[in-house]
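Enquirer: The hints should help you fit chains G, F, L and R onto chain C, whose structure is shown.
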Amino acid sequence: MKLVKKHSKHVGLPPGSLVHVGDRKIEHPNITLFDYSPKKWEEKKLDVVEESLPFKETSSVTWINVDGIHQVELLEKLGAGFGLHSLVLEDILDTEHRPKYEDYDEYLFTVLKMLSFDDQKGEIHAEQISLILGRTFVLSFQERVGDVFDGVRARIRGGKGRIRSMGPDYLAYALIDSIVDSYFIILEKIGDRIELLEEELIGDPTPKTLQAIHRFKRQMILLRRSVWPLREIIKELQGAGSPLIGDTTEIFLRDVYDHTIQVVETVETFRDIISGMIDIYLSNMSNKMNEIMKVLTIIATIFIPLTFIAGVYGMNFRDMPELEWRWGYPAAWFLMLAIFAGMMLYFKKKKWI
Amino acid sequence: MKLVKKHSKHVGLPPGSLVHVGDRKIEHPNITLFDYSPKKWEEKKLDVVEESLPFKETSSVTWINVDGIHQVELLEKLGAGFGLHSLVLEDILDTEHRPKYEDYDEYLFTVLKMLSFDDQKGEIHAEQISLILGRTFVLSFQERVGDVFDGVRARIRGGKGRIRSMGPDYLAYALIDSIVDSYFIILEKIGDRIELLEEELIGDPTPKTLQAIHRFKRQMILLRRSVWPLREIIKELQGAGSPLIGDTTEIFLRDVYDHTIQVVETVETFRDIISGMIDIYLSNMSNKMNEIMKVLTIIATIFIPLTFIAGVYGMNFRDMPELEWRWGYPAAWFLMLAIFAGMMLYFKKKKWI
Amino acid sequence: MKLVKKHSKHVGLPPGSLVHVGDRKIEHPNITLFDYSPKKWEEKKLDVVEESLPFKETSSVTWINVDGIHQVELLEKLGAGFGLHSLVLEDILDTEHRPKYEDYDEYLFTVLKMLSFDDQKGEIHAEQISLILGRTFVLSFQERVGDVFDGVRARIRGGKGRIRSMGPDYLAYALIDSIVDSYFIILEKIGDRIELLEEELIGDPTPKTLQAIHRFKRQMILLRRSVWPLREIIKELQGAGSPLIGDTTEIFLRDVYDHTIQVVETVETFRDIISGMIDIYLSNMSNKMNEIMKVLTIIATIFIPLTFIAGVYGMNFRDMPELEWRWGYPAAWFLMLAIFAGMMLYFKKKKWI
Amino acid sequence: MKLVKKHSKHVGLPPGSLVHVGDRKIEHPNITLFDYSPKKWEEKKLDVVEESLPFKETSSVTWINVDGIHQVELLEKLGAGFGLHSLVLEDILDTEHRPKYEDYDEYLFTVLKMLSFDDQKGEIHAEQISLILGRTFVLSFQERVGDVFDGVRARIRGGKGRIRSMGPDYLAYALIDSIVDSYFIILEKIGDRIELLEEELIGDPTPKTLQAIHRFKRQMILLRRSVWPLREIIKELQGAGSPLIGDTTEIFLRDVYDHTIQVVETVETFRDIISGMIDIYLSNMSNKMNEIMKVLTIIATIFIPLTFIAGVYGMNFRDMPELEWRWGYPAAWFLMLAIFAGMMLYFKKKKWI
Amino acid sequence: MKLVKKHSKHVGLPPGSLVHVGDRKIEHPNITLFDYSPKKWEEKKLDVVEESLPFKETSSVTWINVDGIHQVELLEKLGAGFGLHSLVLEDILDTEHRPKYEDYDEYLFTVLKMLSFDDQKGEIHAEQISLILGRTFVLSFQERVGDVFDGVRARIRGGKGRIRSMGPDYLAYALIDSIVDSYFIILEKIGDRIELLEEELIGDPTPKTLQAIHRFKRQMILLRRSVWPLREIIKELQGAGSPLIGDTTEIFLRDVYDHTIQVVETVETFRDIISGMIDIYLSNMSNKMNEIMKVLTIIATIFIPLTFIAGVYGMNFRDMPELEWRWGYPAAWFLMLAIFAGMMLYFKKKKWI
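Top to bottom, those sequences are chains C, G, F, L and R. Counted the way our numbering counts, the first sequence spans residues 504 to 856. Counted the way our numbering counts, the second sequence spans residues 504 to 856. Counted the way our numbering counts, the third sequence spans residues 504 to 856. Counted the way our numbering counts, the fourth sequence spans residues 504 to 856. Counted the way our numbering counts, the fifth sequence spans residues 504 to 856.
So here's chain C without its partners, still in its complex pose:
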């Protein structure tokens, strides 16, 4: 996750100008269409946008998914066909947008982040998903191919669950639910890594451990940014009272809301735990360092007085009576050993060793 993407392309352009902000992650946009009613369903890969327009007015539920949003003209056509405000198109193109929800009366517009976890680098990647819920259709826009909606597709195809018998509001819910559910997988992976790090902390922590902890801390800062706004978005969506969302779906949205809070709380708990880990690491390190310094200093301290005594009897004065004594040398050793023992006892008593 980069800190800030290049927004500057926008500057100076009239509002609602369609400029793609972000990296181009796919060669050609990929448009797929689902059209279903309780009894039947149809799945199609579209070559041109115009093919989708006839489905707009049918009473069956139509889901058009666009992978790859860098082709501005494609979006313009879709926008014209489905009557989207130019600001909506601008927001879809701006992949740096924070999650948000807006009610345009004729349709509801939601921007979400789909997260994936790069196991290699231990980094979270975000992809922007824009959803538009109209009276008979749902439009979804993704930055690249590959998403978390395969379960929803399978349910439409197989007629499992209630999805085929419900309206587009339920489809929109199902998509949002898939995204929020996928957050749990990310959180599990991060949770596992944090637990590994905790074991490392207790075992044999190295500066690398601290680096890893700090990396997670930063991931959490960026993760929060994707997750916090979700809460409010889904709250608004649920309480919006828009005629586009039926009562039955509202109960399901309440459930997603619950999950969102759980995600938010887990992120916060992770933050608390991570900052606790940093404290533990630092006090461990300082403990270890103190222990080393203490032992080493004690050794030095014990030998310095002894060396002094040896130095004294290495002096070359003519008249040093001790040097001539019969037991002078053993006496010197005795003195030195006595000092050694005395210091050891003192340090023991002081509980320094």
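Among the hints, erroneous ones may be present.
Given that identical chains are not distinguished, each listed pair holds provided it fits within a single copy or across any two copies.
[To be verified] As a list, the in silico DMTMM-like pairs of lysine to aspartate or glutamate whose alpha-carbon atoms are at most 20 Å apart:
#, residue 1, residue 2
1, K692, E771
2, K548, D653
3, K624, E701
4, K720, E703
5, K791, E701
6, K547, D570
7, K542, E825
8, K854, E703
9, K854, D707
10, K692, E626
11, K711, D782
12, K720, E701
13, K711, D550
Calculated from the structure, these hints are not laboratory results. All values reported here derive from a predicted model rather than from experimental measurement.
Expert: For chains G, F, L and R alone, coordinates are given in the frame of chain C:
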């Protein structure tokens, strides 16, 4: 308490799919039924769920308690029998769920955490309790056998207190009250441990003390997660104005609410105290280390100049007049003692020793 | 102040069970009664609770004060006589209760903490006061003899101020006002101690100073717990719109509310100041330690190279021309002095000494 | 600013008792009166309070300012003359009161803090100002002579601006505006001092610098206490909808409100900056200390092995072949130089020197 | 950005006095006028303010931009011509004002900060922009020549986008949008610098790195001050329901609001990241220092006992049998090497080296 349980089983399934999230903690589910009215009561261990259905419509209060929730079919049958929404069943099965409250008009649904304290490991364990309050019944779901409801059972059997003369709302209150009351026992135990740790801190703290403090800190992070949502839940329950909760019971719920706030505040106080203890530990350690380093460095510093002098008179120059002096050796000793005394005085004056 | 008192006695009992939580602080409960109207007043020490009941219905204001609440039967009788809810009695007996306010239509119930400062130990002690304001009476419950209400008693006896001409709401206000006023005395004492500690900090701080600061910090954590809820309580009391509280008294309650905020803010300010003091202590200590280490290390560093030189000319090689030189010895001294001077200059230039 | 002034005088007195809390800062109270209308104005120094009463009922605007509030009788007379509640008088006398606003229907009562900066000590002093806005009059009470209202007086005398053509609400606004404006002067002075300190920090910081920073930090704690409540007060005053405040004045109050927010934000910014400065100081100090320790330790470390070698060849064994070698002595020097060079290279490579 | 600009000029003046607060950044004020309707447009540089007045009443949209606000008379004339309140003029002149929004019924008044980033110094500079939105006109005031409105001007001239077909509310929106968009450029630049610093942190951090981080931290404190109030301002502007703002423009304002939140969140994220960087720097530094100290202390510790042994055999006692031994010298070396090896092994085992 694990950080995150495996939620991933859910991903890709239609919402409302019944999947058990969590560990299987019991072999066979255990279903017990209480049915009581002011005059009489009946207690039964059920083999099959279907036995409970006739009690649903009677005017007497029915309490069905299920220990062990991993048998999905059992829950499906109960759900069908008592008209529960599939999302409710999904939440009951997901033992990782955060405490919550939902009003489904026909019944109220609450998820709570029952905590127990493992004295050996000094860890808190959480078990999920789901309560459903209907017009004439209360359903409760637990992960395993063993709970804090024995007092309630005894009161039903003995007809003590007002429980037999009140409706299912009072029963639900009594169960919640038992859970919240049991939090105080946990808090007392933790409080006792914290006080022990405080004494250890004043007495003879070791790195183990710090580890224990950090462990408590983390326990508090996880405890908060169970306790915080409670406040809001009971507030909503009390103020919900649901026809399922009578005025008399509302006064009692206000009392539980009070207790909940007290629990929350105690947890917060513990957090404050624990972080104060970490500060005290660290400054103690650093004090102790400083004292050691100071004494040792002072010893070294005093002897280094003395050793230098001894070294000087150990040199082998031909012409070193001092060596030939009659009082040379005593003079050297005198010089060294003078330096020793001078340094001691200086350090004393500076208040370093 | 203990962290958590034994709540566990309650567990498993029906709600509203009367169990005394806390220490028994008095031998026999002490019941005193005041009954007054603008013209006359009566003061009585009651032997049995029943003596108080006739006063309940008179139009004069009746104030019954109970010191010592461990006799459960006494409370039960009073409760029955004055129509108190069993939960109210339970809360009165639970001396661990957090300050709270509840409106029971027929009467208002308030739990407050009366604080006293133990000058010896420098600790705050809390005693629980429960107040019940009825249409013609005020009941107050204390844990032991001795309180801050002597001023109120004197005013009733002497007819000073407006107390005799006002209703029981004003009496309740006067009692609360006395309690809040007494907080200021505690805060003054703590403020004085903090200022003493600040002088110690500037003068000659020792590890004892830090301990004292940490003790105050902890006192503040516990003090906050008593004081914070007060704000809300008095706000509710004032804005409750209960018919039991007249307009005139409401203005006075607004005044107490003001005082409460002042108490809360002072506690917060103390917390800020105390944590500032800890910072100052720590940076002082580290400054002092650094200074010691620096001087000592510099001494050692200067003599180590000199000792080396002495060592060199203490070697016993056969051919060491310097040893035979006429001015060898003075030259060696000169060399050592030159090194000494050079190092001193270098350290001076670097501003290390 | 003292932490807590002696509030204890109040304890035990009936509420509304008039007791002066604070230091007596002036010998005799000083009463001045302004009475003006668009056409004319009158200025008077009053000897007795009673002289002011006739002005109360005139349609012209009357401003009575009292310097020195320790004479309780004076306040009692004014209170009686202008119909003030005894709690208002109590608050005026209590110079320790936190800023507040109260609507007594007949008049509005506001307590503010007038700050001054003692350039010598670098301390902020607070003086309490109480304002009462009635239908035709404004009363202001100060602790001592000397205030920030000279500009307002000049405008009344000179008829500059709109003040003479507006009512007492505008006068009250003008006084509050003067006080809030004077805060900016304090903030400028503090801002200048902080900038000086920042330069000192970059230049040559000493422990005195840290002390000064900590002193400012504490000043900020106390300053906040005066400033924070202001925001709320002026918000309430502006939105009160009291008939005593006209629409025109409300626009001006909105302007003061803006200034108040700016003051509050500046104080918060100062707090942030000051705590940043403490961090910078500490990391600077630790950097400096580390650098010293490093250099000194390196010197010691280099010479210790060299001294060892000198020691070896100072030994007196009979058979030490090296001693007899022709080039023994130079070889020893060579060895020592080689070790010296090797260590220097190693340290260089490790980037330690 | 200075901490506090000289506000003191104001003190003592009647409210609404026109005093320029801030530096004079331009010689002569520069007035330019745009007047446009869907069909045509006119652009003019005005010499005197009076030339603008005729445009006020036309139905076409008039935009008057003033660069340089230090000429008080100019503002007075404009104020009189367009009916502005004196407080508005005062706020325009006070370049130190915090961002704000006020509804004066006839017109809306907004103060914003236009930021620019000084690449050389790495500092943010703020310039105050005041906007007035009337029924048919927009007035904008800047401190100096040069702004971020060139895009808007180009769109008016070229008739691009919808600007020519919309009213003055859309023009005001477009100006605000340009300002908020320009914040993203600043944030990108800061983001880039932070990323550079992060690389430096991982690579070779020096005390300069820390200084740079602290500088950014302080920039963030000041940036927040400009950005935080924006959120609330635009929220109010959008929800104001003023008849001056049409429905179409409201949707666009909602979009700017979104951008503002994104700016605010990015600033907060930067703050989090920066304080994380400081932690990383400090723990890196302390790691590095510890490593140095450890190696150096180990060297010293190993040689001190060896030097002691050399010292012992350098003593001059008459009877030192070892000295006479045939293998005495090699034995001494052997002893010393054995001690050396033993210590190395011990340290290795302890994982200190």
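Enquirer: Now tell me, hint by hint, if it's right for this structure.
Expert: Hint check:
Taking the shortest Cα distances, K692 and E771 sit within 20 Å of each other inside one copy (16 Å), while across copies they are farther apart (26 Å). In the homo-oligomer, the alpha carbons of K548 and D653 lie at most 20 Å apart inside one protomer (15 Å), although the nearest pairing across protomers, at 44 Å, exceeds that limit. Taking identical chains as interchangeable, the C-alpha atoms of K624 and E701 lie at most 20 Å apart whether they share a chain (19 Å) or sit on different chains (17 Å). For a Cα distance limit of 20 Å, the shortest separation of K720 from E703 qualifies both inside one copy, at 17 Å, and across copies, at 19 Å.
Taking the shortest alpha-carbon separations for K791 and E701, only the intra-copy value of 17 Å comes in at or below 20 Å, while the best inter-copy value is 23 Å. When the C-alpha separation of K547 and D570 is checked against a cutoff of 20 Å, the pair qualifies only within one copy, where the shortest distance is 14 Å, while the shortest distance between copies is 49 Å. Taking the closest pair of Cα atoms, K542 and E825 never come within 20 Å of each other, the shortest separation being 115 Å inside a single copy and 105 Å across copies. For the identical chains of this complex, K854 and E703 are inter-copy neighbours only, at 16 Å across copies versus 30 Å inside a copy, given an alpha-carbon limit of 20 Å.
In this assembly of identical chains, the alpha carbons of K854 and D707 lie at most 20 Å apart only when taken from different copies (11 Å versus 26 Å within one copy). For the identical chains of this complex, K692 and E626 are intra-copy neighbours only, at 11 Å inside a copy versus 24 Å across copies, given an alpha-carbon limit of 20 Å. Both within a single protomer and between protomers do K711 and D782 lie at most 20 Å apart by alpha-carbon distance, with minima of 15 Å and 15 Å respectively. Within a single copy, K720 and E701 get their C-alpha atoms as close as 14 Å, and across copies as close as 14 Å, so both meet the 20 Å cut-off.
In this assembly of identical chains, the alpha carbons of K711 and D550 never lie at most 20 Å apart, being 50 Å within a copy and 57 Å across copies at closest.
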